[in-house]
Amino acid sequence: MAAVLPTAGRLAHGVAIRARKRPVPWVPLLLIAIALIYLALFLFVPLAAVFAEAFKKGATYYFDAIREPDAWSAIRLTLIAAAIAVPLNLVFGVAAAWAIAKFDFRGKSLLITLIDLPFSVSPVISGLIYVLIFGLQGWLGPWLQEHDVRVIFAVPGIVLATIFVTFPFVARELIPLMQAQGREEEEAAAVLGANGWQTLWHVTLPNVKWGILYGVILCNARAMGEFGAVSVVSGHIRGLTNTLPLHVEILYNEYNFAAAFACASLLVLLALVTLAIKVFVEARQRKEFSK
Amino acid sequence: MRAVLNRPHSVLPGFNLALGYTLFYLGLIVLIPLSAAFIKTASLNWDSFWTTVSAPRVVASYQLTFGTSLLAALINAVFGLLVAWVLVRYRFPFKRLIDALVDLPFALPTAVAGIALTAIYSANGWLGKPLAALGIKVAFTPLGVLVALTFIGLPFVVRTVQPVLEDMETELEEAAHSLGASRWQSFWRVTLPTVLPAVVTGFTLAFARALGEYGSVIFIAGNMPMVSEITPTAVAVVMLVAAFGLLLVINALQWWIRRRRGEENA
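Protein sequence lines, in the order shown, are assigned to chains A and B. Be aware that the first sequence starts at 1, since it is given in the numbering used here, and climbs by one per residue. Be aware that the second sequence starts at 292, since it is given in the numbering used here, and climbs by one per residue.
Hints are not guaranteed to be accurate.
One-sided and incomplete, this derived list gives chain B residues near chain A with beta-carbon spacing under 8 Å [said to hold, decoys possible]:
id, residue
1, L303
2, I320
3, A327
4, W341
5, W376
6, L418
7, L422
Partial list, derived from the structure: chain A residues whose beta carbon lies under 7 Å from chain B [claimed, not checked]:
id, residue
8, V45
9, V248
10, I250
In silico BS3-like pairs for lysine-lysine, Cα to Cα no more than 25 Å straight-line [claimed, not checked]:
id, chain 1, residue 1, chain 2, residue 2
11, B, K386, A, K56
12, A, K108, A, K56
13, A, K57, B, K420
14, A, K278, B, K428
15, A, K57, A, K108
16, A, K287, B, K386
17, A, K108, A, K209
Don't read these hints as lab results, they were simulated from the structure. Here a beta-carbon is modelled for each residue, glycine too, at the ideal position from N, C-alpha and C.
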């Protein structure tokens, strides 16, 4: 022991002096440079490319491509699908988080895994399972055809597929948040005579409002941008069952690149707004947390 | 009153309603449709199932899917760790903006990512042209698939490693330094073991995401049979089983990390 200690002391002394004498600023600089090049290559360049391609034929062409009737109906359908999917998954998310965070029961972790399941299912398969049920060869297909109800290659199929792929977003955001906040405040409210709805409305939801907003914007971004699952159930009927991402695909496959990128730029703007709200929400959360 | 008596742990109401609705909605939207896919497959007999999933064309697509997904996740593990490190430890201009943009692949519709990457890497694109001059073709080859999968998996490792690095005390590294460790040694012996579980989690998430990716890949690959065909269009059930297996691995990993952290805190 006595032999080791002086050695360590001498070493420490030597390193401390060396570090002060010869700082190596190029290591951080090099690392920052590599990181930025990597991010530029994969993030910034594609982002810039969308706008560059969109405005290649000038601003007039750009706005004409967006105002075109097929593009409009695609935008409308995208908004409809999101307007149905997001509130449904929001209600589910609150219910699931309430049950999981505020109560103890068996099978809880299995339930959480099952809620996450749609995230790990390939989008194409998500679409395919609805075709297996509602398609002509599917379980309910013949019955639906008899009653003249169209699900696949129609709006209901698109809405269903959108609900499926955005299913976990709000729940995933709320469950850990509400678990971390514990049960004391709700229990206090219950002891003071509040009923369940009052507790939820006046105690729980205000506590998690930023988490809800966060989950909703992520859910919305995915709902509006979903491609794979919707592509399988849509049938690509112009003006009827095309969402905006599918419209982009059709224009692209017709080599109408400028119009495709013009519509794509709308989706890029959606993504950027989503990120901006996300940054804002995170800042607010940090502020409230530090209080 | 009875509910309260049955559940002495909680005085809160609404358990039956909340759990009931959760299970109903989960069953309706997720479980019944997913089991439909399995039952449909079960109605095939084993031989025809096997011929379907082992056809040469399908096997070629497994190889491409798993190979490129694995490689993309590896690239993201290395560079994701680097990006997280740079974002946590150094200060440079526009850092907050860049930090926010790391999430872009989460927010950007995959179809848009697909056409944007194809435009850049096609033979007369911004990056495709110089690369083509070097004899490297990216768009419409497996290399293009790799680029797309790297793009969509980019945020995972960064976002899993970042909080761990932020929590990690620099004292540990400083102690290693003062005991004579070189920069490289202190990274290799002190920093890396701490962040490794997070890197592995991020890697697995990126890998799982890449396995099922379709939107961005379909454009850059052109989906030519045998060469650049990604599995999702081919065999659903094998992928479903792989996805569920990965989900269990991810959950086990997260449990392991929580336990390790819990031990450290205790």
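So, going through the hints one by one against the coordinates:
| no. | hint | in the structure |
| --- | --- | --- |
| 1 | L303 | 5 Å, holds |
| 2 | I320 | 6 Å, holds |
| 3 | A327 | 5 Å, holds |
| 4 | W341 | 19 Å, violated |
| 5 | W376 | 7 Å, holds |
| 6 | L418 | 7 Å, holds |
| 7 | L422 | 12 Å, violated |
| 8 | V45 | 6 Å, holds |
| 9 | V248 | 5 Å, holds |
| 10 | I250 | 11 Å, violated |
| 11 | B:K386 x A:K56 | 30 Å, violated |
| 12 | A:K108 x A:K56 | 53 Å, violated |
| 13 | A:K57 x B:K420 | 21 Å, holds |
| 14 | A:K278 x B:K428 | 37 Å, violated |
| 15 | A:K57 x A:K108 | 55 Å, violated |
| 16 | A:K287 x B:K386 | 20 Å, holds |
| 17 | A:K108 x A:K209 | 24 Å, holds |
In summary, the structure is inconsistent with hints 4, 7, 10, 11, 12, 14, 15 from the numbered list given earlier, while agreeing with the others.
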